[in-house]
Amino acid sequence: MKQLSKLLNNLRPNFEKGGKLEKLYPAFNAIETFLFVPDHTTASKGAHVRDAIDLKRTMILVVLSLVPCLLFGMWNVGYQHHLALGLMETSITDNFIFGAIKVLPLVLVSYGAGLTAEFIFAIIRKHTINEGFLVSGMLIPLVMPVDVPLWMVAISTIFAVVIGKEVFGGTGMNIMNPALIARAFLFFAYPSKMSGDQVWINTSLGKGQTLVDAYSGATPLGNAAAGLAEKIPGTLESFIGAIPGSIGETSTIACLLGAALLLYTGIGSWRIMSSVFVGGFLMALIFNFFGLNTLMQITPLHHLVLGGFAFGAIFMATDPVSAAQTNTGKYIYGFLIGMFAIMFRVFNPAYPEGMMLAILFMNVMAPLIDHYVVEANINRRLKRIQ
Amino acid sequence: MSLFIEIKRGLNLKLIGEAEKTIQDLPIADVFAIKPNDFTGLHPKLLVKVGDTVLAGTPLFYNKNNEAIIVSSPVSGEVIEILRGDKRVILEIKILADREIKYASFPKSKPNDLNREEIIEKLLNSGAWPFIRQRPYGCIANPSENPKSIFISAFDSSPLAPDNDFIMSGKEIDFQTGLDVLKKLTDGKIHLNVQHKTTPASIFSNAKSVQINKISGPHPAGNIGVQIHHIDPINKGEAVWCINPQDVLILGKLFNEGLFDATRTIALTGSQVNTPKYYKTIVGCSIKNILADGGLKKEENRIISGTILTGSKIPEDGFLGFYDSQITVIPEGNHSEFMGWLTPGLNKFSLSRTFFSWLTPNKKYDMDTNLHGEERPFVMTGEYEKVFPMDIYPVQLLKSILIEDIDMMEKLGIYEVVEEDFALCELVCTSKIKSQEIIRQGLDIIRKEFS
Numbered sequence: 075m076k077q078l079s080k081l082l083n084n085l086r087p088n089f090e091k092g093g094k095l096e097k098l099y100p101a102f103n104a105i106e107t108f109l110f111v112p113d114h115t116t117a118s119k120g121a122h123v124r125d126a127i128d129l130k131r132t133m134i135l136v137v138l139s140l141v142p143c144l145l146f147g148m149w150n151v152g153y154q155h156h157l158a159l160g161l162m163e164t165s166i167t168d169n170f171i172f173g174a175i176k177v178l179p180l181v182l183v184s185y186g187a188g189l190t191a192e193f194i195f196a197i198i199r200k201h202t203i204n205e206g207f208l209v210s211g212m213l214i215p216l217v218m219p220v221d222v223p224l225w226m227v228a229i230s231t232i233f234a235v236v237i238g239k240e241v242f243g244g245t246g247m248n249i250m251n252p253a254l255i256a257r258a259f260l261f262f263a264y265p266s267k268m269s270g271d272q273v274w275i276n277t278s279l280g281k282g283q284t285l286v287d288a289y290s291g292a293t294p295l296g297n298a299a300a301g302l303a304e305k306i307p308g309t310l311e312s313f314i315g316a317i318p319g320s321i322g323e324t325s326t327i328a329c330l331l332g333a334a335l336l337l338y339t340g341i342g343s344w345r346i347m348s349s350v351f352v353g354g355f356l357m358a359l360i361f362n363f364f365g366l367n368t369l370m371q372i373t374p375l376h377h378l379v380l381g382g383f384a385f386g387a388i389f390m391a392t393d394p395v396s397a398a399q400t401n402t403g404k405y406i407y408g409f410l411i412g413m414f415a416i417m418f419r420v421f422n423p424a425y426p427e428g429m430m431l432a433i434l435f436m437n438v439m440a441p442l443i444d445h446y447v448v449e450a451n452i453n454r455r456l457k458r459i460q
Numbered sequence: 525m526s527l528f529i530e531i532k533r534g535l536n537l538k539l540i541g542e543a544e545k546t547i548q549d550l551p552i553a554d555v556f557a558i559k560p561n562d563f564t565g566l567h568p569k570l571l572v573k574v575g576d577t578v579l580a581g582t583p584l585f586y587n588k589n590n591e592a593i594i595v596s597s598p599v600s601g602e603v604i605e606i607l608r609g610d611k612r613v614i615l616e617i618k619i620l621a622d623r624e625i626k627y628a629s630f631p632k633s634k635p636n637d638l639n640r641e642e643i644i645e646k647l648l649n650s651g652a653w654p655f656i657r658q659r660p661y662g663c664i665a666n667p668s669e670n671p672k673s674i675f676i677s678a679f680d681s682s683p684l685a686p687d688n689d690f691i692m693s694g695k696e697i698d699f700q701t702g703l704d705v706l707k708k709l710t711d712g713k714i715h716l717n718v719q720h721k722t723t724p725a726s727i728f729s730n731a732k733s734v735q736i737n738k739i740s741g742p743h744p745a746g747n748i749g750v751q752i753h754h755i756d757p758i759n760k761g762e763a764v765w766c767i768n769p770q771d772v773l774i775l776g777k778l779f780n781e782g783l784f785d786a787t788r789t790i791a792l793t794g795s796q797v798n799t800p801k802y803y804k805t806i807v808g809c810s811i812k813n814i815l816a817d818g819g820l821k822k823e824e825n826r827i828i829s830g831t832i833l834t835g836s837k838i839p840e841d842g843f844l845g846f847y848d849s850q851i852t853v854i855p856e857g858n859h860s861e862f863m864g865w866l867t868p869g870l871n872k873f874s875l876s877r878t879f880f881s882w883l884t885p886n887k888k889y890d891m892d893t894n895l896h897g898e899e900r901p902f903v904m905t906g907e908y909e910k911v912f913p914m915d916i917y918p919v920q921l922l923k924s925i926l927i928e929d930i931d932m933m934e935k936l937g938i939y940e941v942v943e944e945d946f947a948l949c950e951l952v953c954t955s956k957i958k959s960q961e962i963i964r965q966g967l968d969i970i971r972k973e974f975s
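The listed protein sequences derive, respectively, from chains P and Y.
Reading the first sequence from the start, the letters are residues 75 to 460 in the working numbering.
Reading the second sequence from the start, the letters are residues 525 to 975 in the working numbering.
It is worth saying that the hints were derived from the structure and are not from the lab.
The structure presented is a predicted model; accordingly, all values stated were derived computationally and were not measured.
We put the CB at the ideal spot given by N, CA and C, even for glycine.
Just to be clear, a hint being listed does not mean it is correct.
Calculated lysine-lysine pairs in the DSBU-like style (CA-CA distance at most 30 Å, straight line) [said to hold, decoys possible]:
(1) Lys626/Y / Lys119/P
(2) Lys821/Y / Lys588/Y
(3) Lys634/Y / Lys457/P
(4) Lys738/Y / Lys457/P
(5) Lys812/Y / Lys91/P
(6) Lys672/Y / Lys457/P
(7) Lys119/P / Lys732/Y
(8) Lys119/P / Lys588/Y
(9) Lys538/Y / Lys721/Y
(10) Lys538/Y / Lys457/P
(11) Lys200/P / Lys672/Y
(12) Lys611/Y / Lys626/Y
(13) Lys738/Y / Lys707/Y
(14) Lys632/Y / Lys119/P
(15) Lys569/Y / Lys545/Y
(16) Lys176/P / Lys923/Y
(17) Lys97/P / Lys708/Y
(18) Lys626/Y / Lys80/P
(19) Lys713/Y / Lys119/P
(20) Lys200/P / Lys956/Y
(21) Lys821/Y / Lys80/P
(22) Lys545/Y / Lys672/Y
(23) Lys538/Y / Lys91/P
(24) Lys119/P / Lys634/Y
(25) Lys267/P / Lys588/Y
(26) Lys119/P / Lys545/Y
(27) Lys634/Y / Lys713/Y
(28) Lys76/P / Lys910/Y
(29) Lys822/Y / Lys200/P
(30) Lys707/Y / Lys119/P
(31) Lys738/Y / Lys626/Y
(32) Lys119/P / Lys801/Y
(33) Lys457/P / Lys721/Y
To spell it out: a stretch of chain Y is covered by chain P in this simulated footprint if at least three of its residues, at any positions, have a beta carbon under 8 Å from a beta carbon of chain P; those stretches are [as the list claims (entries may be wrong)]:
(34) 555 to 569
(35) 697 to 703
(36) 725 to 735
(37) 833 to 843
(38) 857 to 864
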């Protein structure tokens, strides 16, 4: 360690003001602070000690909470593939290996493209590289269908980093969740690769392999929108998540494992998470009451475990930057996300996956919610003067 | 009438180095210094020069912005140095103290025999006035104002804080006289806020002509700002005065004995002190002898006049701050840590459960001054609210200061806070934002605007 530290100390003058590589300082700083928590001390006045937590710790824990979804997603990719081919007997390991071969490139491309964009931006804008992308880079592949081309992942990631985040000033300043911007970008720019029934399951055929009869690659929500009630997997099956869908979103169990970590460490907002589920549940209950089409008839619990609802509620809606920032606002924000997600599902068959749009919409509305919450506080203060 | 206030949000930081309950009486320190920077917004105009001899109670300087306010010498002796910094700003006025303190004499009197103006005049002339501070701004109280109430927090809830019940016991007479003096200064109430516990100290529970309120809960329950917010909140244009309980004794002595005796018992605390305990000393004393007596560990140390959350760094031969009743010594954290953000962190304090130190909730920490990361924009939300027990939105207030929106600062409650109220926010901040500094900037902006 000492040698590494020495090496960095020797290199540093090159990157500091007046050094040969002065312009690359943000990149050097990012690598250095990644390896060593810096020796910075507190100011001479104020709080002389600080909490051990920093953004690196926070972000790495969010990434860790995504690991169950990633691992399950890899297995499920293999499982769905072999299922479509009628190879029911494939072992867990083989499923997992097949999925890993499909999924890991997506992860690598997402991190590679995104971090490159971040570094370039940091160097041009001369600001430090923020840790926020550590999470976005993992979220992006998890909300993609497995068959999405790698170049699309790269483009959407760069779009998300540059337009979704850096133009606003970087992590902490963005209005919308960057990972969802990447997904929305692909969804509207290349709809054929992001929706329909061809993209969710990898159906590349080896020699002598054929698809099973009556194969359908549609997601449960796609089937529901088409009115095929009999093709929707049951609540328990959807809860476990061995169903077609975006890579990381299918298993509610895996999402809940992540949620447990986020909530226990105090990083994720329980206010947002719980209110999203409550909002979705109530909306589905209301639709049940009418029951005019297949989607309206799905029971509330079933709605919550289908598609990206749980994944969005736990990992996307809770992004602290784009969510409502006041505690009261968080309840309203989460509740409306849940309601809108179900409403979009039910009323707009073109977008059976309403969660993404619901969250993006509420990202935009979050400052308005906060505004009214803060305004109420101001009025309370004014009322004191009689 | 007495109120019971329960503070729910906050944090008791558990640290090594609590002072043992014995009071050491060292011989009087050689050198004393008054630091004009201890007084918020005060512009000193000197009344003494190097070589002058002064008594305890002789004026050293007055405030250019409000000439009635003078600061006096706490001891008798000779002015030996006037230390100046950039732009000739006066940093320290050093006095070589006599072995035996000679006091300037002021007439003895009973507070009830004097009217408000006479009392104010007496406090101003003796140099006891600066102990009374005001909210908003946290500066020396403006004698031409009439505060709506006066607050005294009988307990200090901050980490390693001195125990006032212990320090103050047996000083009932001076304390009561001091309270009687304060009673004359306001048409409103005197709020004496005590910690809610089973055996209250008699000096506080027997105090007369005050309203005794009981406060329970974690730090910052003892902060005057939190207490004011819950009992008699400040609106625009209003002022509340406050004074530390030990300084009430100084007021009391001035009336009872006719002398300006700025004696103060302080606690020497912190993980780097070998034998942390209490010392009887005088405001502005050199801390050299105290540190030598307590014994410091041989490492690079940070010596803080005041609490670990709000104090000021001072050198080893520095001086006790005017309002401080505590010296804290902790290790400097100027070393980098390999992959520190990835370690299990059994010994790392965190409000969150992101380090495994949550396994040992009652552990006492030995914290150093490392920042544990770099400063970032606001990212996490809801963090400050966990330790900020006021109906104020802390992050929104900080942001309004950063964009210098005076109207918004007022609406969001800047008049109710000073730096120390944001100390815990600064402690727990993931983005390492210096919120106390920002709050001071905001208060300075407002003061400038309305002066």
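Consistency of the hints with the structure:
no.: 1; hint: Lys626/Y / Lys119/P; in the structure: violated, 34 Å
no.: 2; hint: Lys821/Y / Lys588/Y; in the structure: violated, 43 Å
no.: 3; hint: Lys634/Y / Lys457/P; in the structure: violated, 41 Å
no.: 4; hint: Lys738/Y / Lys457/P; in the structure: holds, 26 Å
no.: 5; hint: Lys812/Y / Lys91/P; in the structure: violated, 40 Å
no.: 6; hint: Lys672/Y / Lys457/P; in the structure: holds, 18 Å
no.: 7; hint: Lys119/P / Lys732/Y; in the structure: violated, 37 Å
no.: 8; hint: Lys119/P / Lys588/Y; in the structure: holds, 25 Å
no.: 9; hint: Lys538/Y / Lys721/Y; in the structure: holds, 19 Å
no.: 10; hint: Lys538/Y / Lys457/P; in the structure: violated, 39 Å
no.: 11; hint: Lys200/P / Lys672/Y; in the structure: violated, 50 Å
no.: 12; hint: Lys611/Y / Lys626/Y; in the structure: violated, 34 Å
no.: 13; hint: Lys738/Y / Lys707/Y; in the structure: holds, 20 Å
no.: 14; hint: Lys632/Y / Lys119/P; in the structure: violated, 39 Å
no.: 15; hint: Lys569/Y / Lys545/Y; in the structure: violated, 40 Å
no.: 16; hint: Lys176/P / Lys923/Y; in the structure: violated, 45 Å
no.: 17; hint: Lys97/P / Lys708/Y; in the structure: violated, 65 Å
no.: 18; hint: Lys626/Y / Lys80/P; in the structure: violated, 59 Å
no.: 19; hint: Lys713/Y / Lys119/P; in the structure: violated, 33 Å
no.: 20; hint: Lys200/P / Lys956/Y; in the structure: holds, 20 Å
no.: 21; hint: Lys821/Y / Lys80/P; in the structure: holds, 28 Å
no.: 22; hint: Lys545/Y / Lys672/Y; in the structure: violated, 37 Å
no.: 23; hint: Lys538/Y / Lys91/P; in the structure: violated, 41 Å
no.: 24; hint: Lys119/P / Lys634/Y; in the structure: violated, 40 Å
no.: 25; hint: Lys267/P / Lys588/Y; in the structure: violated, 73 Å
no.: 26; hint: Lys119/P / Lys545/Y; in the structure: holds, 28 Å
no.: 27; hint: Lys634/Y / Lys713/Y; in the structure: holds, 20 Å
no.: 28; hint: Lys76/P / Lys910/Y; in the structure: violated, 39 Å
no.: 29; hint: Lys822/Y / Lys200/P; in the structure: violated, 40 Å
no.: 30; hint: Lys707/Y / Lys119/P; in the structure: violated, 34 Å
no.: 31; hint: Lys738/Y / Lys626/Y; in the structure: violated, 40 Å
no.: 32; hint: Lys119/P / Lys801/Y; in the structure: holds, 24 Å
no.: 33; hint: Lys457/P / Lys721/Y; in the structure: violated, 33 Å
no.: 34; hint: 555 to 569; in the structure: violated (count 0)
no.: 35; hint: 697 to 703; in the structure: violated (count 0)
no.: 36; hint: 725 to 735; in the structure: violated (count 0)
no.: 37; hint: 833 to 843; in the structure: holds (count 5)
no.: 38; hint: 857 to 864; in the structure: holds (count 8)
Hint check: violations occur at hints 1, 2, 3, 5, 7, 10, 11, 12, 14, 15, 16, 17, 18, 19, 22, 23, 24, 25, 28, 29, 30, 31, 33, 34, 35, 36; the rest are consistent with the structure.
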